[in-house]
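Residue numbers (the numbering used here), protein chains in the order written: chain A, 171 to 374; chain B, 376 to 563.
Treat the hints loosely; a few may be bogus.
Claimed, not checked - Just the calculated beta-carbon pair ranges, DEER-fashion:
| # | chain 1 | residue 1 | chain 2 | residue 2 | range |
| --- | --- | --- | --- | --- | --- |
| 1 | A | Lys363 | B | Asp377 | 55 to 65 Å |
| 2 | A | Ala233 | B | Ile466 | 20 to 30 Å |
| 3 | B | Met551 | A | Lys363 | 24 to 34 Å |
| 4 | A | Leu325 | B | His497 | 26 to 36 Å |
| 5 | A | Ala331 | B | Val530 | 40 to 50 Å |
| 6 | B | Ile466 | A | Leu325 | 45 to 55 Å |
| 7 | A | Gln334 | B | Val462 | 53 to 63 Å |
| 8 | B | His497 | A | Asp339 | 19 to 29 Å |
These aren't lab readings, by the way, just hints derived from the structure by calculation. Model, not experiment: these values are computed from the prediction. Backbone N, C-alpha and C fix where the C-beta goes; we use that ideal spot for every residue, glycine too.
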Amino acid sequence: MKKGTKTSYLLKGTPSALLVLGAGFVMASSADIRAALGMGAAVLVAMLLSSIVISALHKVIPANAKLPAYLLIITGFVSLISMIMQAYFPEVVDMLGVHLATLSVSAVVYRDAEEVADHNGEATSIKTALVTGIFFTVVMVVCAVIREFVGKATLWGEPIAFMQNYKIDAIAGAFGGYLVLAIVMAVINKITKLHHHLDEEEEN
Amino acid sequence: MDFKVILGVILAGILSNNIALLEFLGTGAVLENERSSKKSLTLGLGTTLVMVISTLITWPLNKYLLHEVSYLQTMAFVLVVLIVVEVIHLIAKNILDNYCRSDFVKFAINGAVLGLCIHNTHQETLVAALINSAAIGIGFMLTMTVYAKLKDTEVDEEAIPPTFRGLPIDLLTAGMMVLALLALNFKF
Chain A
171 MKKGTKTSYL LKGTPSALLV LGAGFVMASS ADIRAALGMG AAVLVAMLLS
221 SIVISALHKV IPANAKLPAY LLIITGFVSL ISMIMQAYFP EVVDMLGVHL
271 ATLSVSAVVY RDAEEVADHN GEATSIKTAL VTGIFFTVVM VVCAVIREFV
321 GKATLWGEPI AFMQNYKIDA IAGAFGGYLV LAIVMAVINK ITKLHHHLDE
371 EEEN
Chain B
376 MDFKVILGVI LAGILSNNIA LLEFLGTGAV LENERSSKKS LTLGLGTTLV
426 MVISTLITWP LNKYLLHEVS YLQTMAFVLV VLIVVEVIHL IAKNILDNYC
476 RSDFVKFAIN GAVLGLCIHN THQETLVAAL INSAAIGIGF MLTMTVYAKL
526 KDTEVDEEAI PPTFRGLPID LLTAGMMVLA LLALNFKF
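Assemble the whole structure, with the sequences as input and the hints as a guide.
Structural data, given as structure tokens:
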């Protein structure tokens, strides 16, 4: 039962409605596992750092200046992460391309800052950022494993011999991004509904 | 620039370089959009204007000022986009608020605009960058309008499996649009 509660918490505690806002970078970085992990780490760290700073400063930032101030704080952290990744993982930055920079204006990170960090203390902000970041990373990695395995017949860039004659190129392309994310989301819906159902049964 | 080249760039912006569907930039903004097709068209037009004006500022800024401090590129571009969006919102506040509610500022600051500004730094001339921006903007606007029209269409909810209702079916609809674009491009 404890295991079920943890899974349920992760999925309930993560606003899955946010996935629609981050669908772009999830699909863009899920063609390769390394890119997915790189983007996942970038999202997690950017959300975590910006949440800490924004929750500490939200009382001193005037209401009218919140949008530019929050965007510039997020952009600063994204630029920093981008430079660190460029230094240590240049091939991942090449794979992600312009999507890493556009994380600065991502509605996922901004909404987290605006709705959670702006109204709560550091502890709640850190917890929400961690849960949301980990959720995004897991979704991206799951999508990437499916797309790389079926679409490219590789895993972590290494060719898989028995899949070479069965790979479907379209899965690694743009259409595959939508198809695989739709299936993964349907599975998430199924799991969350199952847990809601179990919780309701327990209450009754 | 030759008329045929301009026409080619505009067609590419709508079809093969469709920024929202094929490049995954601003996809969230399109998928999240719950407005009618008319409001989406107005919002798309505003976003196209933001793209063109932002490029008008960011291209020379990158060429003459930022080439030696490239690490400041994202920060500078975000600031420019922010200012452009706020100025357009101030000038056309009545129109935008009536047609697109008051969330134009949050909507227009999206990955498509910033990504396009960064892409355009590779264009050789400012004119080429501006034409590319207008073409990509028209493509973004059409995608938003067509997608809004598709979402407006009444469907039998019971025919969709419960787990696929919501985001999954929205993603599959967008995937079908991608297939149509790829078929037009003879890529698929």
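- If you check the beta carbons of A/Gln334 and B/Val462, does the distance land in 53 to 63 Å? About 55 Å separates the Cβ atoms of A/Gln334 and B/Val462, which means 53 to 63 Å holds.
- Do A/Ala233 and B/Ile466 keep their Cβ atoms within the hinted range of 20 to 30 Å? Distance hint for A/Ala233, B/Ile466 holds at roughly 22 Å.
- Message: Taking the Cβ atom of A/Lys363 and the Cβ atom of B/Asp377, is their distance within the range 55 to 65 Å?
- Response: 57 Å, holds
- Would you say the C-beta atoms of B/Met551 and A/Lys363 sit inside 24 to 34 Å of each other? For B/Met551 and A/Lys363 the Cβ distance comes to about 25 Å; the hint holds.
- Task: With respect to the beta-carbon atoms only, verify the hint that B/His497 and A/Asp339 lie 19 to 29 Å apart.
- Result: 27 Å, holds
- Message: Does the beta carbon distance between A/Leu325 and B/His497 stay inside 26 to 36 Å, or does it fall outside?
- Response: 32 Å, holds
- Message: Quick check: does the Cβ-Cβ distance between A/Ala331 and B/Val530 fall within 40 to 50 Å?
- Response: Roughly 44 Å apart at Cβ, these two residues keep to the hinted range, so it holds.
- Message: Against the range 45 to 55 Å, how does the distance between the Cβ atoms of B/Ile466 and A/Leu325 compare: consistent or not?
- Response: Given range 45 to 55 Å: holds, Cβ gap about 52 Å.
In summary, the structure agrees with every hint in the numbered list given earlier.
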